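Taken in sequence, the protein lines are chains A and B. For the first sequence, the numbering used here begins at 1 and goes up steadily by one. For the second sequence, the numbering used here begins at 474 and goes up steadily by one.
To be clear, the hints were calculated from the coordinates, so they are not data collected in a lab. Treat the hints loosely; a few may be bogus.
A few chain A residues facing chain B, derived, Cβ under 10 Å [unchecked claim]:
1. S100
2. I183
3. R188
4. V192
5. S301
6. A305
7. G306
8. A309
9. E310
10. R311
11. L313
12. I354
13. A403
14. L408
Nothing here was measured: the structure is a model prediction, and the numbers come from that model. All residues carry an ideal CB built from backbone N, CA and C; glycine is no exception.
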Amino acid sequence: MTLVDDLQAILGPDRVLSHPLELLVYAKDAGVTPGEAVAAVLPETTQEVSACLRVAARHGVPVVARGTGTGLSGGAVPDEPALLVVMTRVDPAWEIDAASRCAWVGAGALNLDVSRGIEGLGMHFAPDPSSQAACTIGGNVGTNAGGPHCLAEGTTVVHVLGVEMVTASGDVVVLGSAAPDPIGLDLRGVVVGSEGTLGIVTRVLVKLTENPPAVRTLLLTFDSLRAAAATVSATIAAGIVPAALEMMDQPMVIAVEAFIHADLPVDAAAVLIAEVVGLDEGVDAEAATIERIAVEQGATSVRVAGDDAERELLWKARKNAFGAVAQAAPNYYLHDTVVPRTALADVVTQIYEIAERFELEMMNVFHAGDGNLHPLVAYDAREPGKAEQVQAAAEEMVRVSVAAGGSLTGEHGIGLEKRDLMGLVFSPVDLDAQARLRDAFDPDGLMNPGKILPRGARCYDYGMSALPESEPS
Amino acid sequence: MMLHQEMARLAKGLVSDPVAGAPDADITLAPTSAEDAASVLGFAAEHSLPVRFWGGGTHQGMGYPVVADILMSTHRMSSIVDWQVDDLTVTVQPGVLIADLEGELQQRRQTAVLQEVPGQSTVGGAVAAGLSGWRRLRYGPTRDRALEVRLATGDGRLIRGGGRLVKNVTGYDLPRLATGSFGSLGLITEMCLKLWPLPPEHAMVPVQDAERALALAYRPLALIETNAGATLYLSGSREELEAQAERVGGDLVSGHRWPQPLVGAVEATLRVPPSAVAQLVEKLRAAGIDFQAAHGVGEIRLVGSLGELAELRDTVEATGGALVIGKIPKGADFDPWGKPPEGIDLQRRVKAAFDPRSVANPGILPGGI
Chain A
1 MTLVDDLQAI LGPDRVLSHP LELLVYAKDA GVTPGEAVAA VLPETTQEVS ACLRVAARHG
61 VPVVARGTGT GLSGGAVPDE PALLVVMTRV DPAWEIDAAS RCAWVGAGAL NLDVSRGIEG
121 LGMHFAPDPS SQAACTIGGN VGTNAGGPHC LAEGTTVVHV LGVEMVTASG DVVVLGSAAP
181 DPIGLDLRGV VVGSEGTLGI VTRVLVKLTE NPPAVRTLLL TFDSLRAAAA TVSATIAAGI
241 VPAALEMMDQ PMVIAVEAFI HADLPVDAAA VLIAEVVGLD EGVDAEAATI ERIAVEQGAT
301 SVRVAGDDAE RELLWKARKN AFGAVAQAAP NYYLHDTVVP RTALADVVTQ IYEIAERFEL
361 EMMNVFHAGD GNLHPLVAYD AREPGKAEQV QAAAEEMVRV SVAAGGSLTG EHGIGLEKRD
421 LMGLVFSPVD LDAQARLRDA FDPDGLMNPG KILPRGARCY DYGMSALPES EPS
Chain B
474 MMLHQEMARL AKGLVSDPVA GAPDADITLA PTSAEDAASV LGFAAEHSLP VRFWGGGTHQ
534 GMGYPVVADI LMSTHRMSSI VDWQVDDLTV TVQPGVLIAD LEGELQQRRQ TAVLQEVPGQ
594 STVGGAVAAG LSGWRRLRYG PTRDRALEVR LATGDGRLIR GGGRLVKNVT GYDLPRLATG
654 SFGSLGLITE MCLKLWPLPP EHAMVPVQDA ERALALAYRP LALIETNAGA TLYLSGSREE
714 LEAQAERVGG DLVSGHRWPQ PLVGAVEATL RVPPSAVAQL VEKLRAAGID FQAAHGVGEI
774 RLVGSLGELA ELRDTVEATG GALVIGKIPK GADFDPWGKP PEGIDLQRRV KAAFDPRSVA
834 NPGILPGGI
């Protein structure tokens with residue numbers, strides 16, 4: 001029996017895809033690198049996922065889980081020909097425990113659908129990546145996804161209390177619970193952000209966050225990017241952690257304004273969108289403090305969203321930034337690095353210099369409040385040598401972020417994109433430790449191989465050869 | 474004795490007098506650096522000598538008893554390494570006392586949100602035991618503030634995971650894994666924690682109906698119910714505090730008075746889904762058991778008899794939670810963890826990835842891992 005025969009025996013012929021043309025669409029994500037699949041399956045239940053993984057293990061075929069493919073780092077793109085497990089149909093009936101403010105939802109549920117589904121309870125699911133209308137909760141778990149409102153609320157891992165996961169051998173295990181601090185090691189915390197390398201998450205126990213009674217959204221305009229960055233640092237230093245603190249530079253504002261028409265100041269060098277939430281009695285004071293800091297740092301104008309409609313328009317502008325860029329150039333490369341918030345202005349300046357040196361058209365829209373940079377390079381891949389140039393600039397941007405005390409990725413994940421850069425932030429011993437952790441979950445290395453860790457991460461065998469004196473450095 | 478001499482020779486400067494309150498061990502070592510700690514662990518692994526880690530000794534009653542040849546104390550690793558005031562992060566060695574750290578942070582109106590009541594507890598101990606203090610309803614568990622960890626593994630490697638950044642998804646989340654690992658992976662030699670700004674004012678509101686107050690208040694710090702009654706803990710501007718008091722219909726009392734630790738021969742914590750708290754509180758009150766319950770969180774600290782605890786454990790485990798022993802008389806026949814979690818083989822393999830010879834607090838975790 002071939003792999004496809006065995007899979008069809010479980011799922012029937014309609015939910016096992018093996019024609020090269022059918023596979024083409026599944027073997028890539030929203031990033032730039034395509035992959036290759038041997039087959040794709042569309043399971044609907046945990047049991048079906050488990051059965052497919054047992055078949056894959058028997059055939060020794062690597063397995064890659066994917067949701068809707070909105071990822072940007074190649075986390076769901078096979079590094080070698082693999083079985084793709086498409087999780088979008090795994091969405092059993094939710095179990096909502098309103099009193100404990102949590103709910104079990106399927107990995108295939110869409111991020112925004114979860115928040116919409118519990119709207120009536122006055123709660124929402126806090127992580128809000130720009131792709132939230134299209135991305136799945138399972139994908140959010142895989143990448144430990146972020147979003148503008150993760151500044152105060154934390155990324156996905158903070159909002160996932162438990163996961164149901166199918167291991168490489170096909171076993172189903174529940175890690176974590178609605179009770180605080182489940183006993184034993186926190187394997188849930190390791191699984192979130194593991195990009196499908198430890199198993200396939202089929203159901204997720206999400207934490208639900210109370211909607212704030214009041215929201216104030218400010219649009220701050222600056223005539224230099226440095227002044228905007230300084231406002232971010234000064235706000236945090238003043239003891240305010242806003243719900244969101246987002247920055248856009250002029251090229252991005254122009255692109256977005258042409259697309260969304262939100263009456264954005266297209267002549268400004270940079271804009272900040274700041275949002276504070278809380279009680280009516282508190283938000284005005286916090287908004288006033290941010291306004292004062294911004295003016296001290298040289299803000300040229302301050303606009304407070306007058307109503308929900310205006311607020312929604314500002315967020316629509318922010319979250320559609322990438323769609324707007326699609327109009328400007330056939331291809332774009334969206335970076336994701338993170339730096340200490342205090343280093344923001346310096347690193348952004350260096351990133352501009354890099355773009356200039358490589359003669360690239362760059363725009364910036366990023367989560368300034370937590371130091372998460374998203375330089376975006378618009379280009380035409382048909383232009384000879386351009387893609388290579390974009391790639392080389394990308395690596396330099398990562399390097400200046402790391403040199404400033406930052407790291408490779410704040411929310412998109414390592415995937416294929418940054419796997420080979422892991423050595424910039426971790427020593428061989430650190431990487432080896434991560435490889436051993438990975439192997440503890442998946443000894444045969446069949447779960448999304450080639451992701452997160454660079455090849456050769458295992459620098460020595462298990463055992464006692466690892467005394468500090470003899471460690472490679 | 475032979476071992477003692479050999480260790481003493483190898484680890485000359487590290488030998489310490491026995492630490493007050495610590496159990497007997499052949500030798501007590503107090504490393505001054507991560508490298509020293511790793512060397513000792515490497516030696517211990519090579520010779521299969523179990524090592525027990527010791528901070529302030531305030532939570533050593535948790536977990537299965539560890540019989541160790543070496544006691545490793547963190548009291549000589551007690552520096553604040555790097556405090557990025559404007560970035561709201563602090564990096565510390567494990568032996569720093571929580572009271573000292575919070576005192577320091579308070580100077581600049583910041584907090585690591587560690588436990589509220591002063592004592593001998595160390596930051597390393599609190600992180601290793603996964604303790605979160607009372608304010609977690611507002612600020613979440615300590616685990617969510619563990620940004621970077623350096624670990625001397627059970628086989629003597631010195632590794633780092635995470636980064637000194639408030640947002641970061643680079644590599645597997647070792648800081649979260651190390652939090653609450655009870656030394657089973659090795660010794661945490663350094664950690665970076667996310668800080669929160671301290672709001673300008675603090676106040677409490679005594680309330681009649683805890684669950685009702687929880688539903689009405691907007692993100693309070695804590696809602697703690699004891700045998701004496703329920704109290705809402707708040708912080709913010711004066712206007713916010715007054716608005717909160719009005720929402721719940723109670724009177725503001727300035728400042729915070731946190732419950733003092735419950736002390737008894739048997740101390741335990743119930744960890745249950747928040748929706749199970751009200752019913753358990755009723756049960757505890759009826760049984761005359763001293764308790765401190767964190768509504769909205771699902772943590773109930775208590776003192777009681779082993780008989781009472783045995784009965785409670787069944788109720789708690791039926792909710793999907795756990796009854797965790799904090800202290801118990803030596804030799805008492807009572808499981809400190811109760812029913813092990815799912816995926817115990819996975820837990821065992823993960824421990825082995827860091828501590829293949831099982832010398833780092835061996836057997837302390839559920840399942841005797």
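So, as I understand it, the hint says A:E310 touches chain B; can you test that by seeing if any CB pair is closer than 10 Å? The hint is violated - A:E310 has no Cβ within 10 Å of chain B, the shortest such distance being about 24 Å.
Would you check whether A:L313 satisfies its interface hint, that is, whether its CB is within less than 10 Å of any CB in chain B? 26 Å, violated
Minimum beta-carbon distance criterion (10 Å), A:G306 to chain B: 22 Å, violated
Hold the hint about A:S301 up to the distance rule: shortest CB distance to chain B must be less than 10 Å. Given a least distance of 26 Å, the restraint on A:S301 is violated.
Just to be careful: measuring from the Cβ of A:V192 to every Cβ in chain B, is the smallest value less than 10 Å? 7 Å, holds
Minimum Cβ distance from A:I354 to chain B below 10 Å? 20 Å, violated
Using Cβ atoms only, decide whether A:A305 comes closer than 10 Å to chain B, and label the hint accordingly. 21 Å, violated
Any CB of chain B closer than 10 Å to the CB of A:S100? With a closest approach of 4 Å, the A:S100 hint holds.
Hint validity - A:I183 Cβ closer than 10 Å to any chain B Cβ: Holds - the Cβ of A:I183 comes within 10 Å of chain B, reaching about 5 Å at its closest.
Next item in the hint list is A:R188. Is there a CB on chain B closer than 10 Å to its CB? 8 Å, holds
Checking hints one by one. Is A:A403 an interface residue toward chain B, by the C-beta closer than 10 Å rule? Hint violated; A:A403 Cβ to chain B Cβ min 13 Å, cut 10 Å.
Using 10 Å as the Cβ threshold, decide whether A:A309 counts as touching chain B. Check failed: Cβ of A:A309 comes no nearer than 24 Å to chain B, outside 10 Å.
Comparing the model with each numbered hint stated earlier shows that hints 5, 6, 7, 8, 9, 10, 11, 12, 13 do not hold.
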